[in-house]
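Take the given structure of chain C and dock chain H to it, following the hints.
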Amino acid sequence: MSLDRAGLAAAQWLREQTNDLALPSLDRAASRNRRRRMLQATAITVVALVVAGAGYALAGGGGHRVLPVSGTTGPLDRLVPGYVPAGWVLNSADASPQPTAVISTAQRLYAKGTSAQEVAAGIDISSERFEIGMIPPPNAPAGRSAINGHAATWYTSVGVRSVQWMFESRLQVAVHARGLSDAKLAEIASGVVSDRDGVGAAGGHLPAGYHLIAGVAGGRIGPPGTVIDYQNDTTNTGFAVETSAEGPDVLLLGRWAFPHLRPVTVRGHPGLFDQFSDSPLDPPNQAPNNRRVEFGQLIWQEKPGETVAIAFGGSVGLQTFIDVADSLHPVDDATWNALHTKATECRQQGTTSYCPSPAIPQGEGRLSGRLGPGAPPSGTVPNSIVLTFTSGRQVTTTAVAGMYQVDLPPGVWSVRSADGNLCATGLQVTAGGTQQDDLTYPLAGCQDLSGPPTPQAPPPTAVHSVG
Amino acid sequence: MVEAGSSTSPSTGAPPYLDSVAEAPFEVFFAREYRKLVAFGRALTGDQGAAEDLAQDAMWAAQRRWARVATLDSPSAWVRRAVANRAASRLRRVAAEARAVARLPRQMPVDAVDGPEAFWVAVRSLPARQAQVVTLRFLEEYTTAEIASVLGCAEPTVRVHLARARATLARSLGVEEGDDL
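Residue numbers (numbering that gives the first Met the number 0), protein chains in the order written: chain C, 0 to 466; chain H, 0 to 180.
One chain only, chain C, in its complex shape (with noise of 0.2 Å):
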C-alpha cells in the first residue's frame, strides 16, 4: 500500500467519526471555553499529583495486597496564602476534586530491593523494577508471540522494554521494565491476575527480590479538599494551594510519581520539593532558547490527614514557595465564600478569563489580550515583544502563550511592537472598563480593531495615532 492510499483512507475514516457529531450550541462553546481556560493556565502540577495521588494506595511491608489510603481523621482547614507574589491574582478558590482527573488506567509497581521506607526516606527508588498496567484501547496488537495464548506485540520505547495483551479477552494490559529480560518479563505476564482494583503479578511469577511497592485502582477521583489558585497575567502562568485529605501515603507515592522530590522542611513538617522543566514538542514559531516550560512543586502533610501542596508554574525558586507555605492560615467558611464569590464574579464579567488586578488606576481602562495566533515573517517569535501605545506606556510581555495587560486613558490607541510586527489600530479604551484585543501578526498589515462600538462606549474623546 502506498502511503497516499493510507493517507486518503484514514482521512475518510476521520471524517466519518465526525460526520454525525451534533454542533453545540453556541453559548455552550463560549461558556465551555470560559471553563476550560480557567483551569488551562493554572499550575497543572498540583492537579497532576492529585491524580498521582487519587486512588493509589501503598503495600506494607513488601506484601502483595493493595492497602487503602489513609482516610481523613478530621474536617479540613481551608488554607489561604496570606503572602501572594506581585503579579499574582485571585484565580478561583473552589473545593476539589473537581479539577481533578478520573484514572482510567491501573498501575502497580514493583521493585527490588526497595521498601516503603526507604522510599519515604527519600533513599534512590531501586532502578530495578517493574511496572504492570492496563490499558483501555479496544483494538488487540498484533504480536510477535503470544501470552497465555493471547497475541502479544513486544516494543521497547525510551530504553523502557514492553510486552502488551490482550488480557481475559477484555482489556489490554502491558508489563514494563528496564532491567529484565524478555524471558523474565513473559514470565511475570503469563502470571498476570485480575483482582477489584486492577491485575498484579501474581507471586510465584515475581522474580526473586521483587514486591510491591505501590499501587493505583482505574476510576477514582481525587480525594475531597479545597484549591485556590492564582493567575499572572503578565506570564500566564498560575499557582495554587491545594489541601487535601491525604495521608502519608501521598508523600511515599510523590517519590515514586515524581523522581526529583528532594526533602525540605515546611512549616516544620518534612516535605518534598521539586522543580522540572517541560521541553515543547518542536513549538512552531519558537526560538529554541523559549522552549521550555518550568513547574514546580512543594508538597507535605500539614496534619494527620491532611496534606498540603503548593504548584508554580514559571520559574519560581524555592523561597518562595516557602514564603506562600509559611502565610499559610486557615479561614471561615464566611471568609473562604467570600474569596469564592469574588472570584467567580470576576470569571462571569465576560470580558476575561481572569480576574482583573490590581486596580484600574481612577479614570483609565484597562485592555488586554493575547499575542496571536500567527507568526511573524521571520517565522520566530522574539522572547519578549516590547508594545508601545501612543500613550508613550509600554508594556513588555513574554512571546509564549503571551498576554499583554495594560491601564491607558480612555481613548482610541494604536500599538505597535518595537520589532515592528505587530500593528493594531482602534483599540477602544473606556473609563473604568475592560476591553480584551488579541494582536495576531499580520494577516494582511496593520489590523484594524475599532469593530463595532462597545455598549458602554464613553463619550468621544480625543483619538490619537502612532508617532
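Since the hints were made in silico from the structure, they are not lab data.
Note that the Cβ used here is the ideal one computed from N, Cα and C, for glycine as well.
Worth double-checking, as some hints may not be accurate.
Mimicking EDC-like on lysine to aspartate or glutamate, the simulated pairs with C-alpha atoms at most 16 Å apart in a straight line are [said to hold, decoys possible]:
hint	chain 1	residue 1	chain 2	residue 2
1	H	K35	H	E140
2	H	K35	C	D19
3	H	K35	C	E15
4	C	K302	C	D76
5	C	K302	C	D325
6	H	K35	H	D46
Per the computed footprint, the stretches of chain H lying under chain C, defined by three or more beta-carbons under 8 Å from a beta-carbon of chain C, are [claimed, not checked]:
hint	segment
7	28-38
8	161-169
What follows is chain H alone, placed relative to chain C:
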C-alpha cells in the same frame, strides 16, 4: 492519491480555505466548519474531547471578533491556525502531565494499532509542525500554498516539512512513500 488543491467550493469555485464568508453570519460559518475543525483537532491530538474543546475554543474566539475575522480572506484558515497552535500547546501540557504522573511510557506503539487509526497515531508522533502540515494535506486536501497560508509560513518551508513527514510516515507505517501530488 491526494488531489491536493483540486477541491473547490461548490458555490464559489474558490478553494475551500478561501470560502467567501464576509457576508455570511457567524452561525453559517460555525455550522459549516465546526465538524471539520473537530476532525482536524482530533487528527492532531488523538482525543475527541480535546478536539471538540479546541474547535469550540477557536470558534468562540472567531465569534468574539467576527466583525474582523469575517473580512479576512480566509476565516477558515484563521480558525485552523488557532486550532493548530492550541493543539500544540495542549500537547505540551499533556506531555508534562504524563511525565509527572508516570515514569514509564504507556503510549501505544504504532504497530499495536490497526487500521486508519494507526496512520493518525504515526502522524501524531511527528514533530508538531510536520503533523500539522501532513494533516492539512491529507484531511483537508490543501495545496502547499494553502497550508502555508493557514500556518503562516513560507511555501518552501511547507514542502520541507511535508517531505520529511512523508519519509518518516512511510518508514513507520511500512508503506511505499511514493510521490506527493
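Q. Is it true that the CA of K35(H) sits at most 16 Å from the CA of E140(H)?
A. Satisfied, since the Cα-Cα distance of roughly 12 Å is no more than 16 Å.
**Q.** Pairwise hint evaluation, D19(C) against K35(H), where the allowed Cα distance is 16 Å at most
**A.** The hint holds at about 11 Å.
(Q) For K302(C) and D76(C), compute the direct alpha-carbon distance and say whether it is at most 16 Å. (A) holds (10 Å)
Q.
Check whether the Cα positions of K302(C) and D325(C) lie no farther apart than 16 Å.
A. Holds - the C-alpha atoms of D325(C) and K302(C) are around 15 Å apart, at most 16 Å.
Q.
How does the segment 161-169 of chain H fare against chain C when you require at least three residues with a CB closer than 8 Å, holds or violated?
A. With 3 residues in contact (Cβ-Cβ under 8 Å with chain C), the coverage given for the segment 161-169 of chain H holds.
Q: Examine the segment 28-38 of chain H: at least three residues should have C-beta closer than 8 Å to a C-beta of chain C.
A: holds (count 7)
(Q) So if I understand the rule, the pair passes when the alpha-carbon distance is 16 Å or less; does K35(H) with E15(C) pass? (A) holds (10 Å)
Q: Would you mind confirming whether the straight-line C-alpha gap from K35(H) to D46(H) stays at or under 16 Å?
A: The given pair, whose Cα atoms are some 15 Å apart, holds under the 16 Å limit.
Violated hints for the displayed structure: none, as all numbered hints are satisfied.
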